[in-house]
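Novice: Sequence:
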Amino acid sequence: MEPWMTAAARTELCKAVAKDRGWLISAAEFQGWKACGKAMVEKHHSPDTEVFGVRSEAKQGGVSKKGDGETADLSSTSIRAELAKHGNTAATIDDLVRRRLLGKEVGECLKQYFKTSSAPSAAGESIRHGDDRTLDKGYPSDAYAEAQYRQIRAIYDERRIIVYQAYNDAIADAAVKGNSFKAPMEAGLWKPTRMTWIKPSAVWMAYRCGWTTMKDKNQARVLALHLSREGFEDLLMDAHLSHSSVDQSKCRDSSVVVQWDPEREMDTEGSGKQVYTRPLRNVRSIQIGLRGTAVQKLLDPTLVLEITDETARFKKAAAALEAGNAEEASAVLWPSQRESLLPVSPQLMSVLGMFEEPPEDT
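For the sequence shown, this note's numbering begins at 285 and goes up steadily by one.
If you're looking for bench data, these hints aren't it; they were derived computationally from the structure.
Careful: at least some of the hints might be erroneous.
Label-pair restraints from in silico Cβ distances [unchecked claim]:
1. Met498 <-> Leu564: 18 to 26 angstroms
2. Pro643 <-> Ala471: 42 to 50 angstroms
3. Thr497 <-> Gln543: 23 to 31 angstroms
4. His527 <-> Lys557: 15 to 23 angstroms
5. Thr497 <-> Glu590: 19 to 27 angstroms
6. Lys557 <-> Met479: 17 to 25 angstroms
7. Glu392 <-> Asp522: 35 to 43 angstroms
8. Ala375 <-> Lys557: 45 to 53 angstroms
Virtual Cβ for every residue (Gly too), placed ideally from N, Cα, C.
With the sequences and hints as input, model every part of the structure.
Specialist: Structural data, given as structure tokens:
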């Protein structure tokens with residue numbers, strides 16, 4: 285499997301491998317999934333293996349339930365979460381087999397694959413160079429994270445992470461000068477009672493504000509908020525998903541709302557509303573809405589460590605795109621460091637719905 289593969293492509297690959305190995309792959313020929321599952325158990329698993337069906341909306345980890353009351357200890361999504369949490373090691377696989385969450389034959393196959401795979405191991409290998417978070421502390425491997433449908437990509441180091449906001453001239457000038465939103469708040473320009481959004485993706489910010497020149501005057505300036513990384517992750521632990529039917533009632537009252545939108549990349553041909561960008565179908569970018577107490581936290585200097593004005597480089601990048609030079613635009617937008625995948629704990633991934641699989645038509 286490759287990270288760039290769509291869900292449909294992965295399914296077809298699995299079918300091809302199954303057919304080549306002589307595995308039973310069609311539920312149709314057995315008049316339904318349960319009969320098919322039982323036939324597969326007879327051929328490939330121990331006789332006492334039980335088969336359960338799990339509704340797609342229940343694949344969020346933990347115990348999955350079917351409408352008629354049947355339960356499965358772990359869905360396939362949760363098995364992947366177990367591997368992400370504990371590492372792709374023989375010990376992890378053996379534990380899953382011992383707990384009868386994986387068949388013995390499947391476990392042996394996975395152990396052989398992980399032994400020969402070039403993916404990072406779980407033996408304390410650093411996820412990001414210079415990052416003190418390691419796989420043996422429970423963080424997913426690079427290979428696993430890169431394949432995720434929902435990703436947090438940002439400029440960050442061990443201490444900080446950068447997110448973006450767009451403002452008008454008056455708010456931007458006061459915030460940068462005072463290195464805080466306190467001054468524009470006291471001037472009656474910045475209101476902590478209003479909901480506000482932060483984004484770690486520079487291109488998404490550019491799309492939203494039209495590179496500071498193609499939208500309205502209230503988005504004429506782009507500010508980079510240098511947040512405490514620990515504070516940023518603590519903030520996200522309180523989030524509710526805007527698109528989750530389960531979370532809808534909680535979302536309305538939540539101080540932190542997360543929305544996953546198609547990531548965007550620069551495009552010299554992106555005209556009109558696309559403003560020199562285009563969506564990436566297979567990757568979702570995080571948008572973080574703050575209100576109430578969460579907005580108040582933007583006044584806390586232990587969370588917002590620094591505020592810088594990035595308007596000039598956004599304008600220069602737009603000019604380069606207008607001239608048809610995407611390479612120059614990239615160099616201007618990210619002069620010293622490109623955005624990269626932010627490693628987060630399995631607990632935070634669960635809160636943010638990052639284990640969720642993409643729909644088939646993605």
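Novice: Out of the numbered hints, which ones does the structure contradict?
Specialist: none
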